[in-house]
Amino acid sequence: MSQQRKFGLIVVGDEILSGRRQDAHFSKVIELLGKRGLQLSWAHFVPDDFDALVQEYQRSFASGDIVFSSGGIGSTPDDKTRDAVAHALELPLQLHPEAAELITQRTLKMAEKGVYSSDMGTPENQRRLAMGLFPQGAEIVPNAYNQIPGFFIKDHTFVPGFPEMAWSMIEWVLDTHYAYLHNTQIEQSQSVFVYNLPESRITATLEFIENKWPSVKTFSLPTVERNGQPPYIDLGVKGADQQALQEAFDHLKEAVLRLGGHFMDKLDN
Numbered sequence: 227m228s229q230q231r232k233f234g235l236i237v238v239g240d241e242i243l244s245g246r247r248q249d250a251h252f253s254k255v256i257e258l259l260g261k262r263g264l265q266l267s268w269a270h271f272v273p274d275d276f277d278a279l280v281q282e283y284q285r286s287f288a289s290g291d292i293v294f295s296s297g298g299i300g301s302t303p304d305d306k307t308r309d310a311v312a313h314a315l316e317l318p319l320q321l322h323p324e325a326a327e328l329i330t331q332r333t334l335k336m337a338e339k340g341v342y343s344s345d346m347g348t349p350e351n352q353r354r355l356a357m358g359l360f361p362q363g364a365e366i367v368p369n370a371y372n373q374i375p376g377f378f379i380k381d382h383t384f385v386p387g388f389p390e391m392a393w394s395m396i397e398w399v400l401d402t403h404y405a406y407l408h409n410t411q412i413e414q415s416q417s418v419f420v421y422n423l424p425e426s427r428i429t430a431t432l433e434f435i436e437n438k439w440p441s442v443k444t445f446s447l448p449t450v451e452r453n454g455q456p457p458y459i460d461l462g463v464k465g466a467d468q469q470a471l472q473e474a475f476d477h478l479k480e481a482v483l484r485l486g487g488h489f490m491d492k493l494d495n
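Residue numbers (this note's numbering): 227 to 495.
Calculated from the structure, these hints are not laboratory results. Treat the hints with care, as some may be off.
Unchecked claim - Computed beta-carbon distance windows for the label pairs:
#1 E350 / S446: 48 to 58 angstroms
#2 Q331 / H403: 54 to 64 angstroms
#3 R353 / L447: 45 to 55 angstroms
#4 Q455 / E316: 54 to 64 angstroms
#5 D460 / Q331: 17 to 27 angstroms
#6 E390 / L485: 43 to 53 angstroms
#7 Q265 / Q455: 25 to 35 angstroms
#8 K261 / L485: 37 to 47 angstroms
#9 Q281 / F252: 19 to 29 angstroms
#10 F252 / A337: 31 to 41 angstroms
#11 L317 / D401: 24 to 34 angstroms
#12 A356 / D240: 54 to 64 angstroms
#13 K339 / F252: 32 to 42 angstroms
#14 W268 / E241: 16 to 26 angstroms
Ideal placement from N, C-alpha and C gives every residue a C-beta, glycine not left out.
Turn these sequences into a full structure, and let the hints steer you where they fit.
Laid out in structure tokens, this is it:
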């Protein structure tokens, strides 16, 4: 089996970390990936701090992962993402011609409504054009909501923080750049609710499973007593190799019984 590509999410913004706004991207990206037989491997939340962003992007570019980054690509001083990306890649920022055309068309359309000036030389419109400054070699990511594009470079996609814009842009990238990965990395899991068995007693079995079946990962999610219900462990295995997964799961259930626990199938609980 070839090595699976990992997907990561970077959410940028002081407003998320301060609680001024609630993140909407984490669960949605999981959903968008899941619909295509893919899964999220990691997520990081980063402030609007240039040095912190540079370090985060240096790490993520070096990882070889497929990464979606939301936020920080607007036109105000706290939008530092594009500068940090260019610095991390040691590339100059350039006004992308297609982005410039899209931003100009959007501006002129709004000018017809009396909202913006039609003079692209005004300071305000120059700030709008600056949203088309991308690291050299980047491609645009179309924005169906207001035509102000994001950008794509080295398996990284940069979109606005607004869900109304970001989610369709992420879908476009998944279907345009990564369609070949759809449903090739489907990971399944099998688990049971285990009672009367401490985690410490089953740990050695979990270690054995991961050593014997390297394509399989184990998980152990304990609960505490709640509302008069006894504590239990949501115990199981996950992986894409169905034969290895079934062998590991059978071994796990046998070990639970051998070690004095009992289990209930989750579907019947």
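Outcome of the hint check:
1. E350 / S446: 48 to 58 angstroms: holds (56 angstroms)
2. Q331 / H403: 54 to 64 angstroms: violated (24 angstroms)
3. R353 / L447: 45 to 55 angstroms: holds (49 angstroms)
4. Q455 / E316: 54 to 64 angstroms: At roughly 56 angstroms between Cβ atoms, E316 and Q455 fall inside 54 to 64 angstroms, so the hint holds.
5. D460 / Q331: 17 to 27 angstroms: Hint violated: Cβ distance 52 angstroms, outside 17 to 27 angstroms.
6. E390 / L485: 43 to 53 angstroms: holds (52 angstroms)
7. Q265 / Q455: 25 to 35 angstroms: The hint (25 to 35 angstroms, Cβ to Cβ) holds, given that Q265 and Q455 are roughly 30 angstroms apart.
8. K261 / L485: 37 to 47 angstroms: With a Cβ separation near 39 angstroms, K261 and L485 satisfy 37 to 47 angstroms, so the hint holds.
9. Q281 / F252: 19 to 29 angstroms: holds (21 angstroms)
10. F252 / A337: 31 to 41 angstroms: holds (37 angstroms)
11. L317 / D401: 24 to 34 angstroms: holds (27 angstroms)
12. A356 / D240: 54 to 64 angstroms: Violated, at about 21 angstroms.
13. K339 / F252: 32 to 42 angstroms: Given a distance of about 35 angstroms, which is inside 32 to 42 angstroms, the answer is holds.
14. W268 / E241: 16 to 26 angstroms: holds (22 angstroms)
Going down the numbered hints, you'll see the structure goes against 2, 5, 12, while the others check out.
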